[in-house]
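**Q** Listed here are the chains, written in short residue letters.
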Amino acid sequence: MAVSSRKRRVHGMLKLYYGLNEEGKTVDQAESLDPCDINGPHFDPEVYLNKLRRECSLGELMDQESCMVKQIRSLDSDMQTLVYENYNKFISATDTIRKMKNDFKKMEDEMDCLTTNMAAITVFSARISGTLQDQHAQITKLSGVHTLLRKLQFLFELPARLNKCLELQAYAQAVTSHRRARCVLQQYSHMPSFRGIQDDCHAIMDKLAQELRQKFRDGGSSAKDLSECVELLLQLDEPAEELCDKFLTHARSLSATPTAGTDILEFIDRGCNEFVSSLCLVIASYQELFVNRPQESNLAYKNIPQMAVGKLHAFVDSLAARYFSLVERRIQEEKSVGDNSLLVRALDRFHRRLQAVAKLLPGSAVPSQGTEIVVRAARERVKQYLAALQSFYLDSLTDVRQALAAPRLGGSSAGGGLPELLSSLSASILNQIKTVLASVHLFTAKDITFSNKPYFKGEFCSQGVRESLVVNFIKFVCQSSRQFCESAVDRGGSTPPALLLLLSRLCLDYETSTISYILTLTDEQFLVQHHSPVTAVTALCGEAREAAQKLLNHYVKVQGLIISQMLRKSVETRDWVNTIEPRNVRAVMKRVVEDTTSIDVQVGLLYEEGVRKAHSSDSSKRTFSVYSSSRQQSRYTPSYTPSAPMDTNLMSNIHKLFSERIDIFSPVEFNKVSVLTGIIKISLKTFLECVRLRTFGRYGLQQIQVDCHYLQMYLWRFVSDENLVHFLLDEIVGSTAHRCLDPAPMEQSVIEVICERG
Amino acid sequence: MEDDAPVIYGLEFQARALTSQTAESDAIRFLVGTQSLKFDNQIHIIDFDDENNIISKSVLQHEAGEIWHISASPADKAVLTTCYNITSESRVVTSSAVWRMPPEWESGSHESPDDPHNSHNPQSLDLLCHLDNSAHGNASCVLWEPMGDGKRVISLADNHALLWDLTESSTQATISSSATLEGKGQLKFTSGKWSPHHNCTQLATANDTAIRGWDLRTMKQIYCIENAHGQLVRDLDFNPNKQYYLASCGDDCKVKFWDVRNISEPVKTLEEHSHWWVSVAHLRDTHTHTYTHTVTSKINGNLDNDNQKHGCLR
Numbered sequence: 002m003a004v005s006s007r008k009r010r011v012h013g014m015l016k017l018y019y020g021l022n023e024e025g026k027t028v029d030q031a032e033s034l035d036p037c038d039i040n041g042p043h044f045d046p047e048v049y050l051n052k053l054r055r056e057c058s059l060g061e062l063m064d065q066e067s068c069m070v071k072q073i074r075s076l077d078s079d080m081q082t083l084v085y086e087n088y089n090k091f092i093s094a095t096d097t098i099r100k101m102k103n104d105f106k107k108m109e110d111e112m113d114c115l116t117t118n119m120a121a122i123t124v125f126s127a128r129i130s131g132t133l134q135d136q137h138a139q140i141t142k143l144s145g146v147h148t149l150l151r152k153l154q155f156l157f158e159l160p161a162r163l164n165k166c167l168e169l170q171a172y173a174q175a176v177t178s179h180r181r182a183r184c185v186l187q188q189y190s191h192m193p194s195f196r197g198i199q200d201d202c203h204a205i206m207d208k209l210a211q212e213l214r215q216k217f218r219d220g221g222s223s224a225k226d227l228s229e230c231v232e233l234l235l236q237l238d239e240p241a242e243e244l245c246d247k248f249l250t251h252a253r254s255l256s257a258t259p260t261a262g263t264d265i266l267e268f269i270d271r272g273c274n275e276f277v278s279s280l281c282l283v284i285a286s287y288q289e290l291f292v293n294r295p296q297e298s299n300l301a302y303k304n305i306p307q308m309a310v311g312k313l314h315a316f317v318d319s320l321a322a323r324y325f326s327l328v329e330r331r332i333q334e335e336k337s338v339g340d341n342s343l344l345v346r347a348l349d350r351f352h353r354r355l356q357a358v359a360k361l362l363p364g365s366a367v368p369s370q371g372t373e374i375v376v377r378a379a380r381e382r383v384k385q386y387l388a389a390l391q392s393f394y395l396d397s398l399t400d401v402r403q404a405l406a407a408p409r410l411g412g413s414s415a416g417g418g419l420p421e422l423l424s425s426l427s428a429s430i431l432n433q434i435k436t437v438l439a440s441v442h443l444f445t446a447k448d449i450t451f452s453n454k455p456y457f458k459g460e461f462c463s464q465g466v467r468e469s470l471v472v473n474f475i476k477f478v479c480q481s482s483r484q485f486c487e488s489a490v491d492r493g494g495s496t497p498p499a500l501l502l503l504l505s506r507l508c509l510d511y512e513t514s515t516i517s518y519i520l521t522l523t524d525e526q527f528l529v530q531h532h533s534p535v536t537a538v539t540a541l542c543g544e545a546r547e548a549a550q551k552l553l554n555h556y557v558k559v560q561g562l563i564i565s566q567m568l569r570k571s572v573e574t575r576d577w578v579n580t581i582e583p584r585n586v587r588a589v590m591k592r593v594v595e596d597t598t599s600i601d602v603q604v605g606l607l608y609e610e611g612v613r614k615a616h617s618s619d620s621s622k623r624t625f626s627v628y629s630s631s632r633q634q635s636r637y638t639p640s641y642t643p644s645a646p647m648d649t650n651l652m653s654n655i656h657k658l659f660s661e662r663i664d665i666f667s668p669v670e671f672n673k674v675s676v677l678t679g680i681i682k683i684s685l686k687t688f689l690e691c692v693r694l695r696t697f698g699r700y701g702l703q704q705i706q707v708d709c710h711y712l713q714m715y716l717w718r719f720v721s722d723e724n725l726v727h728f729l730l731d732e733i734v735g736s737t738a739h740r741c742l743d744p745a746p747m748e749q750s751v752i753e754v755i756c757e758r759g
Numbered sequence: 404m405e406d407d408a409p410v411i412y413g414l415e416f417q418a419r420a421l422t423s424q425t426a427e428s429d430a431i432r433f434l435v436g437t438q439s440l441k442f443d444n445q446i447h448i449i450d451f452d453d454e455n456n457i458i459s460k461s462v463l464q465h466e467a468g469e470i471w472h473i474s475a476s477p478a479d480k481a482v483l484t485t486c487y488n489i490t491s492e493s494r495v496v497t498s499s500a501v502w503r504m505p506p507e508w509e510s511g512s513h514e515s516p517d518d519p520h521n522s523h524n525p526q527s528l529d530l531l532c533h534l535d536n537s538a539h540g541n542a543s544c545v546l547w548e549p550m551g552d553g554k555r556v557i558s559l560a561d562n563h564a565l566l567w568d569l570t571e572s573s574t575q576a577t578i579s580s581s582a583t584l585e586g587k588g589q590l591k592f593t594s595g596k597w598s599p600h601h602n603c604t605q606l607a608t609a610n611d612t613a614i615r616g617w618d619l620r621t622m623k624q625i626y627c628i629e630n631a632h633g634q635l636v637r638d639l640d641f642n643p644n645k646q647y648y649l650a651s652c653g654d655d656c657k658v659k660f661w662d663v664r665n666i667s668e669p670v671k672t673l674e675e676h677s678h679w680w681v682s683v684a685h686l687r688d689t690h691t692h693t694y695t696h697t698v699t700s701k702i703n704g705n706l707d708n709d710n711q712k713h714g715c716l717r
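Chains A and B supply the protein sequences, listed in that same order. First residue of the first sequence? That's 2 in this note's numbering, and the numbers climb one at a time after it. First residue of the second sequence? That's 404 in this note's numbering, and the numbers climb one at a time after it.
There could be a bad hint or two in this list.
Cross-link-like lysine to aspartate or glutamate pairs, in silico, EDC-like; alpha carbons within 20 Å at most [as the list claims (entries may be wrong)]:
id	chain 1	residue 1	chain 2	residue 2
1	A	K247	A	D207
2	A	K476	A	D524
3	A	K454	A	D524
4	A	K435	A	D524
5	A	K312	A	E232
6	A	K570	B	D552
7	B	K671	A	E289
8	B	K441	A	D743
9	B	K623	B	D611
10	A	K384	A	E329
11	B	K554	B	E571
12	A	K208	A	E229
13	A	K476	A	D510
14	A	K435	A	E525
15	B	K480	B	D611
16	A	K384	A	E373
17	A	K247	A	E289
18	B	K587	A	E573
19	A	K570	B	D561
20	B	K480	B	D552
21	A	K570	B	E629
22	B	K591	A	D576
23	B	K591	A	E66
24	A	K71	A	E61
Have a look at the derived ranges for each label pair, beta carbon to beta carbon [to be verified]:
id	chain 1	residue 1	chain 2	residue 2	range
25	A	E573	B	D662	28 to 36 Å
26	B	E466	A	I581	30 to 38 Å
27	A	K570	B	N665	52 to 60 Å
28	B	D552	A	S481	16 to 24 Å
29	A	V751	B	D552	55 to 63 Å
30	B	E629	A	D264	46 to 54 Å
31	B	N665	A	S481	37 to 45 Å
32	B	D452	A	E609	37 to 45 Å
33	A	N585	B	D452	55 to 63 Å
Hints listed in this document are in silico derivations from the structure and should not be mistaken for laboratory results. For clarity, every value in this text was computed on a predicted model and none was experimentally measured. Ideal placement from N, C-alpha and C gives every residue a C-beta, glycine not left out.
Using the sequences provided together with the hints, build the complete structure.
**A** Put into structure tokens, the structure is as follows:
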């Protein structure tokens, strides 16, 4: 037991030494409190024995005892092994230490030896330096002298070298050499020998500069030579401004002025190739020389670029102005409207080439001026097209006139081909408009460079093409039509009535369809965006309709007046008092009916029939008999009664109050019946007025009766309201009776017989 | 005056001739000549009272024939001229004569216009002299020298313009000079006006579609507006305030104003009317208004008179 406790103590000390105890304890802490734990620190052999004795049987105790003995033995052997191992290690450690002690001693000796050697080396080195010092100084001095001498040699040789360079025209080398020497010479110029050299050099360099300038001035040399010259001269402190000027003057003479070409494209081409490209070349080389120089430190060069750029701008502007004026003059000569593509292509090329200038010389006014020119040309072009359209229109009208005159000469009925003429006229005008639009459209084609300028996108389409070309043309058509109404009859009166009729129909067609078609076409082709207010289709249509109305009114008036004239002459030139008893209808009445019929045919060719008021299918006879009977009752009878002149007046006045007022020169509608009604109204009214200015005998009255009956028979079918004809003819006969010295009317049956015979 | 209702005066016969009496300075007076083939024609003297807006009339007999033109002497308010038709032996001839109104007409018969059939015989005009133009054709109008002393008249007969000198009492007329229109066809003056400007040395006449100006000192044509109207020119008148301005009207339903110094184009053209213009005149007191009248679609000439007078009064 004692052994085990001692062993345990040793164990604990080792444990302590290796720092293991703490861990072991913490693990075993819980159990080790148990005094019966044989491995625990609080083991109490007494308690343990007591416990064993109390608890175990003998057998068990025996087993326990043998087991314990076994354990004690194994523990003993373990301990012996450990002790032995530790001992061995300790012995080897002692050996190592002893060996180290010996080695250190040897090293110390060697170190001492090294120290002494080093000291010896130092001494030697100091001695060598001391000896070499003198020689080194001398060598340095000698090499300095050598350099100087070489420089001096260079200087002395400089004049000769420069001369040689001059001879060989190696100007660049000469300038470089001189530049190298210049400062030195400047510095030592107080010494006579150097002064001499400097003077020589100056003289040579002056000569050189002279030569360079000469070369520069002479021109003919390539741009590269030229730039070299300039470069050298600049290095020679030649004033840059003067050089710029000279360069530009030189360039000015170089830039060829474009000559007048045969056609515009060729002209522009030549202008571009000769002028614009040489201008570009000049600009480029100039910029290389003066503007884009690598910044040199020299202060004198600092403000060269600004100056140079300013000069260049002025130069380019002045040249371009000359060029532009030439181009513009040429464009103005371009008057023929046949082929627009040539002009557009020329303008495009012109514009495109100027873009190159814009790229080379940003901020220059030249390209924008070029665009201006293009815009002006386009405007001018539109004007020319308008003029061309107008003259085309007038020419077509002349053609129509001739065509109208021709069949008359041939003897066929007047205005035979009116519908054909109308359709060919309107088709040719429309075609011409389309052609012009197509031509003008070239200005806005995608591949044209200037087509994306704002002017060509907006104003050109809306104001230029739509307003000043198309709208103005339509207005012109209306206006020229109106002019036919205003002056023709009074002054010369040469407008054939058929033309009036045809134009009226043309204007009416314009109003109904053509105008909106043309404008839609224009808008579609040009994608017109209406920035500014434009003339509305309705306004134009209104104008066209007004023109059509005016023309038709005028037509009615002209035709009416022609017939009126006939009637008036026939009434005025006859002696109505001393006329013979009527046997025939007067020829003039037949003529009136014939003319009216031919007018009816003519109008029918172009205008629709129109509506008749209460159009009856009755023969003229029946209506006529009504008319004549009413006339006899209400008009004649009272007026014969000599005792009652007042009644006549009263009757007719009262009658008038209830009858509709007839507007003789009232506007007509766009149909045949209305037109014919207008013409007949005018004619009959004139007849009436003429009758009222004459005095009639008995047979005069009877002749008028016959004439009126004849007119009645044939005219009623032309008018919208046959009562109108009745009424007017009634009035004519009534007035004749009133102006008759011996009013004895003819028998109605006799009248009818005469009329039917005639 | 514009607020007042128009004054209407009715005649029993048709009438075409009307003039205002410029020699009468106290009253607004018009003379109207009637046209009737079957009855004795009359001259109506119509006074207009512009304060009360009423009219009064007198009637004188004009037995010679139907009156186509009438004009009053600018000097003597009792003297007037007429152009009239005489129908004899189945011939119709237009003559012209100078007449004097009987002195007592004013004191005598002031009748109300409502009673046109006066029971007692109206007085007749006294014939002073015939403007004997049988050699020259039918007279179309007689013009007094404007603002003159009533001694000179011009008559237009067919294609002749005759300048007459009247004696003091107007009882005798002699032709002092004449002009003749020459050309193809039957040319005939339709109307004329004696210009009040240039010392009354100018005359303007209308024939067919042309307007001509004449210098009375030489009786030569000084200007001619060919085709002044598309159809017959019916009447013309000088602007009383603008010496070169002339108005004309005609069968083409237009009224045109001309500057005779530049006759290529009219100064202005009116196209308001729907049928013939037969007369045009400038108002004497304002130079801006022109009145015109026309035969409208009326059988009765009386209404023409109304139109005319209405125009005057406005």
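**Q** Next step is simple, just say for each hint if it's right about the structure.
**A** Quick rundown of the hints versus the structure:
1. Proximity of K247/A to D207/A is assessed by CA-CA distance (about 18 Å); at most 20 Å being required, the pair is judged to hold.
2. Proposed proximity of K476/A and D524/A is supported: the alpha carbons are some 18 Å apart, at most 20 Å.
3. Among the hinted pairs, K454/A with D524/A is consistent with the structure: their alpha-carbon atoms are about 19 Å apart, no more than 20 Å.
4. Using a Cα cut-off of 20 Å, the hinted pair K435/A and D524/A holds, with the two alpha carbons roughly 13 Å apart.
5. At roughly 18 Å between alpha-carbon atoms, K312/A and E232/A fall within 20 Å of each other, so this suggested pair holds.
6. This hinted pair does not check out: K570/A and D552/B have alpha carbons roughly 40 Å apart, beyond 20 Å.
7. Of the supplied pair hints, the one linking K671/B and E289/A is violated, its CA atoms being roughly 74 Å apart against a limit of 20 Å.
8. Under the criterion of a C-alpha separation no larger than 20 Å, the hint pairing K441/B with D743/A is consistent with the structure, at around 9 Å.
9. Pair hint K623/B plus D611/B holds up; C-alpha atoms about 19 Å apart against a cutoff of 20 Å.
10. A hinted pair counts as satisfied when its Cα atoms are at most 20 Å apart, and K384/A with E329/A qualifies at roughly 16 Å.
11. This hinted pair checks out: K554/B and E571/B have alpha carbons roughly 7 Å apart, not beyond 20 Å.
12. A C-alpha spacing of about 17 Å is found between K208/A and E229/A, which places the hinted pair at or below 20 Å, so the restraint holds.
13. For the hint linking K476/A to D510/A, the alpha-carbon distance of about 14 Å falls within 20 Å, and the restraint holds.
14. Proposed proximity of K435/A and E525/A is supported: the alpha carbons are some 12 Å apart, at most 20 Å.
15. The straight-line distance between the Cα atoms of K480/B and D611/B is roughly 33 Å, outside the 20 Å bound, and the hint therefore fails.
16. For the suggested pair K384/A and E373/A, the alpha carbons sit about 17 Å apart, so the restraint of at most 20 Å is met.
17. In summary, the hint linking K247/A to E289/A is supported, as the alpha carbons are separated by about 16 Å, within the 20 Å threshold.
18. Between K587/B and E573/A the CA atoms are separated by roughly 17 Å; this keeps the pair inside 20 Å, and the hint holds.
19. About 16 Å separates the Cα atoms of K570/A and D561/B, which keeps this hinted pair within 20 Å; it holds.
20. For a cut-off of 20 Å, the pair hint linking K480/B to D552/B stands: about 11 Å separates their Cα positions.
21. With a C-alpha separation of about 19 Å, the suggested pairing of K570/A with E629/B holds against the 20 Å cut-off.
22. For a cut-off of 20 Å, the pair hint linking K591/B to D576/A stands: about 16 Å separates their Cα positions.
23. For the hint linking K591/B to E66/A, the alpha-carbon distance of about 189 Å lies beyond 20 Å, and the restraint is violated.
24. Pair hint K71/A plus E61/A holds up; C-alpha atoms about 15 Å apart against a cutoff of 20 Å.
25. At about 31 Å, the beta-carbon gap between E573/A and D662/B stays in the expected band of 28 to 36 Å.
26. Checked against the hint of 30 to 38 Å, the C-beta distance between E466/B and I581/A comes to roughly 31 Å, which is consistent with it.
27. The given range of 52 to 60 Å is broken by K570/A and N665/B, whose C-beta atoms sit roughly 31 Å from each other.
28. Taken as a hint, the range 16 to 24 Å is violated for the pair D552/B and S481/A, whose Cβ atoms sit roughly 55 Å apart.
29. The beta-carbon spacing between V751/A and D552/B, approximately 59 Å, falls within the hinted interval of 55 to 63 Å.
30. Restraint check, E629/B to D264/A: a C-beta distance of roughly 51 Å satisfies the suggested window 46 to 54 Å.
31. For the pair N665/B and S481/A, the beta carbons lie near 24 Å from each other, so the given range of 37 to 45 Å is not met.
32. Here the CB-CB span from D452/B to E609/A is close to 58 Å, at odds with the stated 37 to 45 Å.
33. Between N585/A and D452/B the Cβ separation comes to about 57 Å, which falls inside the hinted range of 55 to 63 Å.
Violated hints, in rising order: 6, 7, 15, 23, 27, 28, 31 and 32; the structure is consistent with all others.
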